[in-house]
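Residue numbers (the working numbering), protein chains in the order written: chain P, 22 to 147; chain A, -6 to 536.
Treat the hints with care, since some could be wrong.
Restricting the straight-line Cα-Cα distance to at most 20 Å, the calculated cross-link-like pairs of lysine to any residue (SDA-like) are [claimed, not checked]: (1) K516(A) - E39(P); (2) K381(A) - V396(A); (3) K286(A) - D120(P); (4) K251(A) - L73(P); (5) K251(A) - I491(A); (6) K47(P) - R392(A).
Hints were generated in silico from the structure; no laboratory data involved.
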Amino acid sequence: MGNEAQPQDVTASVDFQEVQQTERFKTLRKRHRSFVFPMAVAFLLWYFAYVLLADYAVGFMSIKVWGNINVGLILGLLQFVTTFGITAWYVSYSNRKLDPIAAGIRHEIEGHQFDKDGNVIRGAAK
Amino acid sequence: MNTNHISTLVPAVNVAALKDTTLLNMGIFALFVAVTMVIVFRASRNNKTAADYYAAGRSFTGSQNGTAIAGDYLSAASFLGITGAIAINGYDGFLYSIGFLVAWLVALLLVAELLRNTGKFTMADVLSFRLRQRPVRIAAALSTLAVCFFYLLAQMAGAGSLISLLLGISDWGGQALVIIVVGALMIMYVLIGGMKGTTWVQIIKAILLIAGAAVMTAWVLAIYGFNLSNLLGSAAEAANNPAVLNPGLQYGKTETSKLDFMSLGLALVLGTAALPHVLMRFYTVPTAKEARKSVVWSIWLIGLFYLFTLVLGYGAAALVGADTIKSAPGGVNSAAPLLAFHLGGPLLLGFISAVAFATILAVVAGLTITAAASFAHDIYANVISKGKADATTEVKVARRTVVVIGILAILGGIFANGQNVAFLVALAFAVAASANLPTIVYSLFWRRFTTQGAVWSMYGGLASAILLITFSPVVSGAKTSMIQGANFAFFPLSNPGIVSIPLAFLLGWLGTVLDKRLEDPAKQAEMEVRSLTGIGAEKAVDH
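Just chain A, same shape as in the assembly:
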C-alpha cells in the first residue's frame, strides 16, 4: 500500500515553516473582515426597532438561519478541538461529535417551534410567560448571562493559543494586542449590525468553514483511494497503536473517567437545546415553520461537518502524526491547521487559519448580542424600569451593554490567556442543561408547573453546576488543574451534569408540588394554545 510513501512525507510538515505564512494568514483574515464589514454596514441600514436589533426583524429564512446556527455552534472548539481529539485519542474524539449532533433532536422535537411561537427576544420571555414575571425573569437572565460568560471566556482564552499557532506570535504582549483587535472587531459588528449583521457574519463563516473542511476531507479521502478502511489502517499504523480505532483511549482509563464521560454525554445532549445564544436565533425567522426548517438545516450541516472531522482527525493522525501535532505550538488544536499545511501548503493553511479566526469572531459576536439582549430586555426593561422603558431606550441600553461585555471579554481573554480554561465550555453546557432545560420543558409541557418550581430549578441547577465544578479536579487537586498546588476537590468528576441535571429536574418538581400558590390557568391555556398553533406569534417586521 501507499503507507511507505506517506511516512516519508510526514517530516514535510515543518512547524517552523508555519511562521512564514503569517502574512498570508493575516491577509486572508483581513479580506474576510473587509467583506463582512461591508455586508454588516448594508444590513444595518434597516435597524430601527428592537425587533430589528435583537431579532434581525425576524426576516431571515429557515435555510439562512440554519446556516447561521451552524456558524454559531461550530466553534473553534468543535473544529480544532474535535479534529485534534480524534487525531490524538482516536475514537473517543468522535464520541464528542455524536453528542453534539444528537442533541439537536431535543431542539427540533421539544423546543424550537414552541419557543418561537411564545417568545419575543430572549429565553426569559418564554420561561416567564405564564409564571410571575419578576423572579422567573431575573433567574432566567442570570443563567443566560452565566452561560454566555463561561462560553465567551473560553472562546477568548482559546484565541490566545490560536494566535500563537496561526500567526506565530508567541510573546504575551503581541497576543494581547491580537485579542484586543479581535474583541474590537466583534464590538463593531454587534454594535453596527445588531442581530442582522451578526447573522450574516455567521452565515459567511459557516459556508467558508464547511467548504474548507469539505475540500480537505475529499483531499484526504482521495489520498486513500476513497477507502475509509485504508485511512483508518494508516492512522493506526502511524500511531503505532491499533487501539486508536476503538473507544476507551481517553475516557476508558479508570471507572471515574468512564463515569465522567457519561456525565459529559448527558450535559452535551441536554445542554445544546438550552444554550441561550442558540435559542435566540429562533426569533430571527418569521414563523415556527421556518424555525423548524432552521433546525433541519443546521442538523444536516452540523452532521455533515462532524462526518468531515472524523476523516480530518484520522487524516491528521495518519499524514501529520500525533507526535508532530503534540509538539507544535497550540498542541492538540494544531491538528487541523497542520493537516491543511500538509495538503495544500501555505495557501490552504492561510485559508483554514483565517476561517478559525472568523469562527472565534462569529461565536463571540453571537454570545455578546445574546447577553446584551438579556440584560437590556430582561433586567433593564422588565425588572429595573418595570416595563416602562420604550424600545429606543432599551436598544440604547443593549448597545451600551455590548461595549461593556466586549471590554470584559477582551480583558478576560488577555488574563485567561494560557490558563487551562477548556472546562468552561463543558461548564456552559452543564449550566444550560441544568439551569435552563428543566424549566423550558416543564413550562412548555407541564400544566401544573409554578413559579416556585421554576425558581428552585433554575437557581438549584445553576448553583449546583458551578459549585460541583469548583470542587472538582479541574479547579484543584490534579496535575492539570486551574489552580496548582491547592487541593479542595471532593467531587471526582470534571463534568457536573450527571448530578446537577437530575437535581434541577427534581427541584422543579418539588418546588411545584410544595407551592401553595397556583398559577393563572388562563395564562397556561394561552401559552399552550399559542405554542402549538402560533396564534399571535411575533410577526416579521415590514420595511
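If we strip away everything but chain P, and leave its shape as in the complex, we get:
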C-alpha cells in the first residue's frame, strides 16, 4: 500500500511495554484521564439533569424570567454555552499539558527508529 507500510516498520521494533512503564508516559496518561473522565461525567450529569427537568419539572422550566424567555430556554442555551466552554477548555489544556509530552515521547522513539546506521539505542529513549 505504498507509503502506508512505513509506519508499521517504524513501530515494529519498539518495546511498547517498556514505553508504557516510563514516568513520562504515565504522566501523560494521568493528565489525559484526569481531565477527560471528570469532564465527561460532569457534562453528562448536567445534560441529564437538564433532560430530567424538561421531562418532570415543566412548571419550573416554564417560569418566565425576562419577557417571554423562560427558565427552560435559558437552561437550554446554557447547554450550548457549556458545550462551547468545555471544548475551548479541552483544547487549551491539550495544547499546554498533553501535546508537548506526547510529541516528546513520539520524537524520541521515532527519531531513534530512523537512525541511519540502524542502531536502536533503546536505553537513551527514556
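With chain P fixed as given, assemble chain A onto it according to the hints.
Same frame as chain P, but now just chain A:
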C-alpha cells in the same frame, strides 16, 4: 406590536404557489450538481492508493474536515425535521438539537484523537487492534453495516416526501424517478471521487446550508427587531397556545412518553460518537491534533446551526403558522421551505430546496462510502482473504460494493417511500450507542478488556436494540405503527436505548471477567501508547 401586520401576511404562503417554483428549484439543484461534479473530477485525479480512496489521502485540514463532519451530520432530518418539530411542538423540538450537540463532547474528549492514532480506515481497525482480529472485526463490520443501512434507508425514504414537497411531484412513478436520479448521482460521486470527492460535496453542502440558515435567521430576527422575546411571544400567539414555549408538548403527555424521551436522550448523546460514518471522517486528516481541530470546528458549526433552527422553528410558527405547515405536502418537514418562501419568495425557496436535496445526496454518499469501506476492508480483505488481498483488489471490491449499496438504497428508497420510517434514524443512533460505544470505550480505556467482552457487548447491543424496536409501538400496535392492524408490541418505548445501552456495557464487562483467555499485554501496551502519543499513526499520503 407588529403581530397584526404579520397575521395578515400569513395567508400569503400559498401552498399551491410552491409548484410554480419547481423549475427554479431543479435549476439551482442542477447548478449544485454541476459545480460539485467538476470538483469531484478534479479531486479524483490523485486517487491511487487505498488511503486515497477511503481516507482522502489523509490530506484534509482540521477545519475542512470539521466542515465536512457538519455536512455529514446535519442531515435533512436535522434541518427540516428539527425546524418543523419546533414550529409544531415548540420547546420539545429544541430538546432534540441539544442532545445532538452535547453528544459531540463524547467524540471530542473520549474518541476522536485516540481513534485517529490507532486506526487506519474503519471503526473495526480500532476495535480489533489488540483483540482477536476475526471475531471482533466481523462483529464491528456487521454493526457498521447495520447502522449505515438503517440511516441510509431513512434518508432515501425521506427523499420521497421531500420531492413531493419541493418539486410538486406527487405521483409514485415520478417520485421513484427522482429517487433513482438522486441515487445514481450519489453512486457517481462516491465511485469517481472516493472519500475526497465525498468530502468536498459535504463541505460545499455544509457551507450552503449554514449560510442559507444564517440568512433566514437574520431575516426572521430583523422582522422582530432582533428581540427574541418578541419572536417567542408572536409564535405563542400564532399557535394560540402559550405552552409552545414550555417543555412537555410532545414528550410530556404520559409517563411512558417521558421515559421515552430519556431513552432518546441517552441514545443521542452516546450514539453520535459511535456513528461509523462520523468515525471514518477522522481518518481523513493527517494527525490527531487535526482530528481534534475537526471536532472543535464541527462543534462550533453544528452548535451555531442548532441555534439558527431555534429561531427558524419559532419563526415558522409565527410567520407561517402550524396549521398551514401541517396541511402542506410533506407536513412537519415543510416548515423550513415554507418559511423560506414566506421570507424570500421563490428564489429563497429554490435555494433552500436545492440545499435540502444536496443534504440528502451528501449524507447518503458519506454513508455509502463508510459501508463500502467496512465491507471491503473488514470483511473482504481481513476476513475472506485473510489479509492477503492487495490494496488494488481491495479498492476494486470497495467500488463494486458502492454500486451494490447504491442500488439497494435506490430500491429501499422507492419501496419505503411513504412508509413511516422516521424511527430508523433513532434506531441507527441506538444501535451505534449500544453496539459500538461500549466496545470503543472499553478497548481504549480498560486494560483487562477481552475479545469475549467485545463480542458479547457488540452482538448483545445490536440484537437487543433491533429486537426491542421490533416489539415496540413503532412497528406494531399503535395508530402510527409501520405495520397496521397487527399488535405484537410488548416493549412500551419507541427508543430502545435506555435498556440496550446499559445492557451492552454490562455484557462487555461480564464477557471480560468470565473470559478465561487473557489478551496479549504487549498489544494492549502498544495500543495505549500509540493512542495517546500518535507513534506510528498513519501518515498523510504524499503526492
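To see whether the hints hold, each was checked on the structure:
no.: 1; hint: K516(A) - E39(P); in the structure: holds, 12 Å
no.: 2; hint: K381(A) - V396(A); in the structure: violated, 24 Å
no.: 3; hint: K286(A) - D120(P); in the structure: holds, 13 Å
no.: 4; hint: K251(A) - L73(P); in the structure: holds, 9 Å
no.: 5; hint: K251(A) - I491(A); in the structure: holds, 12 Å
no.: 6; hint: K47(P) - R392(A); in the structure: violated, 43 Å
This entry does not satisfy hints 2, 6, going by the numbered hints stated previously.
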